[in-house]
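A.B. asks: Here are the chains, one letter per residue:
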Amino acid sequence: MEEVKDRIRQEEEKRLNKAWRVPSGWRYWSEVNNSEVGMWYTVTSLAFFFFAGVLALLIRVQLAVPDNNFLTAEQYNQIFTMHGTVMMFLFAIPIFEAISILLLPQMLGARDLPFPRLSAYGYWCFLLGGIFVCGSLFFGAAPKGGWFMYPPLTTSYQPGVGADIWLLGLTFIEIASIAASVELIVGILKCRPPGMRINLIPIYAWYILVVAIMILFAFPPLIAGDILLEMERAFNWPFFDASRGGDPLLWQHLFWIFGHPEVYIIFLPSIALLATIIPTFARVPLIGYSWVVLSAVGTGFLSFGLWVHHMFTTGLPGISLGIFSAASQAVAIPTGVQLFCFLATLLIGRSVKAVPMLFAIGGLATFVIGGLTGVMLAIAPFNFQAHDSFFIVGHLHYVLIGGSVFPILAGIYYYAPIIIGKKLSDKLGKICFWLVLIGFNVTFFPMHASGLLGMPRRIYTYSDDMGVSTLNLISSIGAFILGTGFLVLLWDLLRPKGKLSYSERNPWKAGTLEWSMKIPDRMWGIRSIPMIKSRYPLWEQPNFIHDVDNGHFYLPDAAEVMRETLVTSTLDAKPVQCLRVPGPTFITHLAALFSGGFFIFATYHWWVATTISGILAMATIIYWLWTGSAWIPEKEEKDVGLGVTLPIYQSGPHAVGWWAMFITMLADLTAFISLIFGYFFYWTIQQNFPPEDSVGPGIFWPVTGALLISLSWLLTKLAKKLNNQDKAILFYGILLLAVFCSLAGALAFLAGPLKYQMDPTHHVYEATVWILVIWTALHAALGALMQLYCMARRLGKKMTAKYDADITNVSLYESFIAITGLITAMVIAGFPAAS
Amino acid sequence: MTKKHPLWLLALSPLVWSLHFTASYTIAAIWCAKFPASDLKIVKLLIGGLTFISLVIVGQGIMSGLKKYSSGLAHSSQDTDTIQDRDRFLGLTGLLVSSLSFIAIIYNAYAVFVFGSCE
Chain A
1 MEEVKDRIRQ EEEKRLNKAW RVPSGWRYWS EVNNSEVGMW YTVTSLAFFF
51 FAGVLALLIR VQLAVPDNNF LTAEQYNQIF TMHGTVMMFL FAIPIFEAIS
101 ILLLPQMLGA RDLPFPRLSA YGYWCFLLGG IFVCGSLFFG AAPKGGWFMY
151 PPLTTSYQPG VGADIWLLGL TFIEIASIAA SVELIVGILK CRPPGMRINL
201 IPIYAWYILV VAIMILFAFP PLIAGDILLE MERAFNWPFF DASRGGDPLL
251 WQHLFWIFGH PEVYIIFLPS IALLATIIPT FARVPLIGYS WVVLSAVGTG
301 FLSFGLWVHH MFTTGLPGIS LGIFSAASQA VAIPTGVQLF CFLATLLIGR
351 SVKAVPMLFA IGGLATFVIG GLTGVMLAIA PFNFQAHDSF FIVGHLHYVL
401 IGGSVFPILA GIYYYAPIII GKKLSDKLGK ICFWLVLIGF NVTFFPMHAS
451 GLLGMPRRIY TYSDDMGVST LNLISSIGAF ILGTGFLVLL WDLLRPKGKL
501 SYSERNPWKA GTLEWSMKIP DRMWGIRSIP MIKSRYPLWE QPNFIHDVDN
551 GHFYLPDAAE VMRETLVTST LDAKPVQCLR VPGPTFITHL AALFSGGFFI
601 FATYHWWVAT TISGILAMAT IIYWLWTGSA WIPEKEEKDV GLGVTLPIYQ
651 SGPHAVGWWA MFITMLADLT AFISLIFGYF FYWTIQQNFP PEDSVGPGIF
701 WPVTGALLIS LSWLLTKLAK KLNNQDKAIL FYGILLLAVF CSLAGALAFL
751 AGPLKYQMDP THHVYEATVW ILVIWTALHA ALGALMQLYC MARRLGKKMT
801 AKYDADITNV SLYESFIAIT GLITAMVIAG FPAAS
Chain B
1001 MTKKHPLWLL ALSPLVWSLH FTASYTIAAI WCAKFPASDL KIVKLLIGGL
1051 TFISLVIVGQ GIMSGLKKYS SGLAHSSQDT DTIQDRDRFL GLTGLLVSSL
1101 SFIAIIYNAY AVFVFGSCE
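One line per chain: the protein sequences are A and B, in this order. With the working numbering as the guide, the letters of the first sequence map in order to residues 1 to 835. With the working numbering as the guide, the letters of the second sequence map in order to residues 1001 to 1119.
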């Protein structure tokens, strides 16, 4: 009997192996599995981190002594801009996405995240965009306006391509970040193992859920700002030109609406690592799970009410400063709560000494210092004094390195056995820790003093008379100690480990699900998707690993040799679908390449190449969707084990694709609302907006456009119903009418400013109307393309009355576009008429 | 049970804070831009009204979370895979998030009320 069971198990494993096999040779790079993509993502982010670290050392060499000429002012400006930009956009955010893509499926007992090709596409976009942005430094063409790119410095005084590289290169990368956040949100909400109710979700996943949602609302304002700034640079549309009604402060608002939440987008995932690591070494479950969830959710929200504390010295009314100062103080509450929960966990448990804990405790201590100076800076009068001084540089590095880099180092040492199969060296880990801790404090603590003594930020040299020479020399020495610490880490990661034996399974005796993996891990991930009854199943569920290994849970087999994972309900994780996920492909590379081409060619104003690249990107993505999404399965249901049979295909709110569309459109709507914010910002600051000598788009054309786009949405809904009733002719007819309405709506919106000959370079009013109209028209045109796609899907028998995910998702898209159209019409036609 | 307590309810109180915050900022910014020399009586009246409404809604969130958290059970576990534990978790988290929102709204309103003019 045992022999038969063994044979069955071996057969199952053989099929699982075949389904999840990683291609060999050059085809290896076509893999889309989370383990491979997550690993590439992590390595690439770390490579950018080391690159930006070298730039930091160059900065410190330059500032080591007064009146130094190691770097010219031009070089220094490029280097400090790239240091900040690369650390923030190419390391701090991507590393959290990388770690999450790598580890989240294991933490959730999933075989993969729901859109592996989207992860791969995001990675290749990130790599391409990152190389483009970093490469500019070697040609002396890098951006040099600081990582915040304030106009008018970046519009009127920097004619080179540096600022364009920043704006377009990073917009490209931000889109990849939004793609990753869609993947992570849907993964956490819909791909948990059965039984993992909302109160049993790993604390790491809670944090990532909050952060991914934050990305949806934080990144789009920056994308909107990027569009406006690039339009000014490329086409002279005066969004930030005060002489034509624009205002540079709008950029600061849009940038910091992104920029301050971004600090928490960086901080929370790292704290999530600590929340996972600390209980393991305290040997007790995390104390105050609900309180920590409160912290994550509370911080996520409050972080959107802090942005103006970066603008305290811009002359805003005192009452505005008061509002933002109060919110900046309030965010200390949830931030403190989670730290106390960690301390309580350590106090109640029996702490075990280990390298990850060194980094965890060092990180907490460092972050608390940065947090305290943060509370000081939230007080406006102090902020006025310290603004733009090295005090800020010291503060932000305590927050970011304590709150992010230390926890990531803890995570690297902690998760190395899962990621590379081997533990890193304890000895080297300790050396690295002490060098980093000492080097960090020697570098950044003196900066508080040099700042208070009056040393401004972003200057390439200083005079000995300022009295900050010694402090700067100490900082520079510290930087090299810090750099040596990171070199030790690099050596520990890269040193040959051939002779080192594989780590034992669950070497830290953790209780969380990801440690049920075999070491080295198998490509299929978890052997069978378990039934979860606890937050720490390895500690609290008897025979758990045995049952997982012997395939006693769900999906122990891949009978059809296809990559599969489970989809479960949002609140209670009840199984609702056996999801088939796509496998290796090079289409994601092509899509990333053409998408990159679109942005990169636009940087140099090569409009023909830009257009061709954009069309090719669109065509590639359509081919990708056509061949790799919403497959009609060979059977309706599948036995997934334990007597449960699940549908293979879902549409509507049960389907992961519907959620992805919904989430993406939330981000899209946020970018649009940011543009609307711009319109009302100008109205607020100007006595006459619209100005008397400007003409508007009238009422007729915007209203007609909105009605046509709304009608297109209603027709798409009707077409969905007709498709479900299998009335093919009517379906095609109605959808064709919807296509016509979408295109006519787009043209009607464009007709308004065209008919009244609005010149977007004349005044910011005209420019703002044009940008809203173009945004709406482009979205409507994209809707028409999607409607045509649905017709083609039905014609190609890829969509039927029963299998209707495509038209369901397009109907959802159209509802958002109808909202966009109505708001645009109300603002550009209704608001001037009403006022 | 699930229909009565959807997950997004957790975000309701912080959303009320967001709306209160945005409205306070917008009202103050527009008033100070359009009528820089005037006092802030109308602004305070408007924001005071909004604060009252917001606190009532968030207070409801606190009461509802408290009720769910302490719904007639002797122990307060939220750690097992039962519906009761799930609801207690949602209750406690709702209670905490609403309490934080309550405090943050008061912080915000207090800041508005200490200013006498736009300068």
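Derived from the structure by calculation, the hints contain no laboratory data. Where hints are given, some of them may not hold.
Below, simulated DMTMM-like cross-link-like pairs (lysine to aspartate or glutamate); rule was C-alpha separation at most 25 Å, straight line [as the list claims (entries may be wrong)]: (1) Lys-509/A to Glu-1119/B; (2) Lys-574/A to Asp-1039/B; (3) Lys-430/A to Glu-504/A; (4) Lys-533/A to Asp-1085/B.
A.B. asks: Each of the hints needs a verdict: does it hold here or not?
C.D. replies: To see whether the hints hold, each was checked on the structure:
With a CA separation close to 60 Å, the supplied pair Lys-509/A and Glu-1119/B exceeds the 25 Å bound. For the proposed pair Lys-574/A and Asp-1039/B, the alpha carbon gap of about 58 Å is over 25 Å, so the pair is violated. Between Lys-430/A and Glu-504/A, the direct Cα distance comes to roughly 21 Å. Compliance with the 25 Å bound is thereby established for this hinted pair. With a C-alpha separation of about 11 Å, the suggested pairing of Lys-533/A with Asp-1085/B holds against the 25 Å cut-off.
The earlier numbered hints that this structure contradicts are 1 and 2.
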